[in-house]
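Produce the entire structure from the sequences given, and follow the hints as far as they go.
2 protein chains.
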Amino acid sequence: MPTRSLRLGSLRLGGGAPVSVQTMTNTDTYDVANTLAQIRSVVKAGAEIVRLAVPDNRAAEALRELVQEAPVPLIADIHFDWRLAVKALASGVAGLRINPGNIGGPTRARKVAEAAGAANAVIRVGVNSGSLGKKNLSHFLSHPNPQILVESALAQVKILEETGFRAIKVSLKSSQVMETVAAARRWAALSDIPQHIGITEAGNAASGAVKSAVGLGILLTEGVGDTIRVSLTAPPEEEVRVAWEILRAAGLRARGVEVISCPTCGRTKGPLIQMATEIKKRLADVTQPLKVAVMGCIVNGPGEARNADAGIALGQGHGSFFAGGRLVASRVPYENLLSLLEEEVHKMEQTHAN
Amino acid sequence: MPTRSLRLGSLRLGGGAPVSVQTMTNTDTYDVANTLAQIRSVVKAGAEIVRLAVPDNRAAEALRELVQEAPVPLIADIHFDWRLAVKALASGVAGLRINPGNIGGPTRARKVAEAAGAANAVIRVGVNSGSLGKKNLSHFLSHPNPQILVESALAQVKILEETGFRAIKVSLKSSQVMETVAAARRWAALSDIPQHIGITEAGNAASGAVKSAVGLGILLTEGVGDTIRVSLTAPPEEEVRVAWEILRAAGLRARGVEVISCPTCGRTKGPLIQMATEIKKRLADVTQPLKVAVMGCIVNGPGEARNADAGIALGQGHGSFFAGGRLVASRVPYENLLSLLEEEVHKMEQTHAN
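Residue numbers (this note's numbering), protein chains in the order written: chain A, 101 to 454; chain B, 101 to 454.
Some clues are possibly wrong.
[To be verified] Cβ-Cβ distance ranges computed for the label pairs, FRET-style:
1. A:Gln247 x B:Gly264: 50 to 58 Å
2. A:Gln374 x B:Gly264: 41 to 49 Å
3. A:Ser110 x B:Pro433: 28 to 36 Å
4. A:Arg140 x B:Asn134: 53 to 61 Å
5. B:Asp131 x A:Gln374: 15 to 23 Å
6. B:Asn436 x A:His446: 51 to 59 Å
7. B:Pro206 x A:Ala289: 49 to 57 Å
8. B:His446 x A:Gly205: 42 to 50 Å
9. B:Ser110 x A:His446: 48 to 56 Å
10. A:Gln450 x B:Gly204: 39 to 47 Å
11. B:Gln416 x A:Thr451: 51 to 59 Å
12. B:Gly417 x A:Asp131: 15 to 23 Å
13. B:Asp292 x A:Gly204: 42 to 50 Å
Just so you know, these hints were derived from the structure itself, not from any lab.
Even glycine gets a Cβ: it sits at the ideal position worked out from N, Cα and C.
The structure is reproduced here in structure tokens:
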């Protein structure tokens, strides 16, 4: 069923809106200058929503200035203390992430919902397998399972909805990928409440990216999930980059240059890995979705290079340059190939911008 | 429908056998010493099948010694010249990867099938969007589509099967993730011939891993795919590592230590990224599937650390150590936490080995 449509600050979420990309700062939230610098940096990388940890009063007091300066909606992440949630709402955050199970009982959770309603803010009910309430844990034999994640979220949503509050999204996260997938599918079948999806504690950048891509790829291509966060033990800019790559791979949204390049094999001519890495770096700031091929041989090279917006295929000591599906130049020395490619992409960007 | 069961050297493939992990060397195949060193290195990383490019006679002549010394089945990757395929079979390779469309016409493709039948070898019909025959390309309006990949493979399989040869697997690869997914699904619905699945020219290590994880994650969890290769513009050991992470995330097979760690946030205490990276490095040679948690705070930390085989959760300046679901030590100085974790995992490995 289609999810209900929410407003998160200036952004539309759920109800068929594009799946949005979010991340979380890892600065001290009370340190406004550093936090703002990181917010700007992740927004440049493509973040559309930014969440901040608000563990204490100092952090809550910094929110007003952060909200004023930030170019995207901010979400305050709050545990244990409902008064921090109310304070964050007064500072103008677009949303809260709370775990009603640890915010101090139903009465306090309801107070937070009333304050959020008055502030036109969204509340995410975030259930994590690692932080389920003790009451839920007693249901386990050994490990949390999808049904327990779903039941925990339903119980917590009920508390908020009893106040008439409807601007709710949920997340049901497990570090087990297929457990997260099962929980999110189950939720989508039961409720119209939009989902924030992600694999919690997904591990370091390389392996966390794979776990997130498997889980979110499955869900997104089934139409499940309204906003995503890729959780990595890595800088938040990297989380945003991976999130966009997942959206692109799933065929949902594209942003920036996609470099298609060969796996290296015994047929590869030239320093392919270095050239692919180099061109990716040179074109990192391009936001227009373009496809660039860097191919190492004559078997698959010309075909892929022609299918891309621009591309090169390496021969021995020189290579061919393709643009717009046509061979533009052949026998180009290696050292000139990347510049040709870079100029072409910037030209395409210009054309598109005008 | 279940796929037909094949023998690839000592390995079973298709018909319900575990999904196997393969990669491709990027050394010069004629250079036996270097190629063998790379084969041993990728096998240590978890490769169960290794493919080699055989572009010329020199490479084909090296195969006999490589086959004798390699600890896993080898596959010769051959384009354009059917005599190289016959020579590779005579050297004892367990399989060939050919593209019947460029091997020199149906008569020669049939000769290769007959030689493979006599040698008990498997042939993979490998269709790539980048290397479709010109005849197929004329079908396109602009880009190759899944139906064309499937039709091309069906036509090529037919040529081989006309000789009575049945030990066939296919691959239908596009650099567009969802196009590859669509082609593989379509194939699985039409044929019992096992599939080698992968996203071709998947890009550099970080972004290629994401594309492969999205595509292979979807297919594997639907039961499509009998053997996988992750193609990256990166060392083949990295391809193998990512392949295993995809299999683990999809809930199919596990190998080695999985490090569960937090995304960093404002709540994180201590040098979490460094500690997670360090423990992953120290435990890289463990092959037993074990789960290790490295958590940065007291919200999700203790829960995840208890669910893991062993784990740590950081407080300010010190942390807690968990093993087998129990808190073993608290207020442990940072500098001792990783050694405790490392010793515990090696102890678990020992116990399991005995």
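The hints, checked one at a time:
no.	hint	verdict
1	A:Gln247 x B:Gly264: 50 to 58 Å	52 Å, holds
2	A:Gln374 x B:Gly264: 41 to 49 Å	47 Å, holds
3	A:Ser110 x B:Pro433: 28 to 36 Å	47 Å, violated
4	A:Arg140 x B:Asn134: 53 to 61 Å	47 Å, violated
5	B:Asp131 x A:Gln374: 15 to 23 Å	21 Å, holds
6	B:Asn436 x A:His446: 51 to 59 Å	53 Å, holds
7	B:Pro206 x A:Ala289: 49 to 57 Å	50 Å, holds
8	B:His446 x A:Gly205: 42 to 50 Å	45 Å, holds
9	B:Ser110 x A:His446: 48 to 56 Å	53 Å, holds
10	A:Gln450 x B:Gly204: 39 to 47 Å	46 Å, holds
11	B:Gln416 x A:Thr451: 51 to 59 Å	54 Å, holds
12	B:Gly417 x A:Asp131: 15 to 23 Å	20 Å, holds
13	B:Asp292 x A:Gly204: 42 to 50 Å	59 Å, violated
Checked against the numbered hints above, the structure violates hints 3, 4 and 13; every other hint is satisfied.
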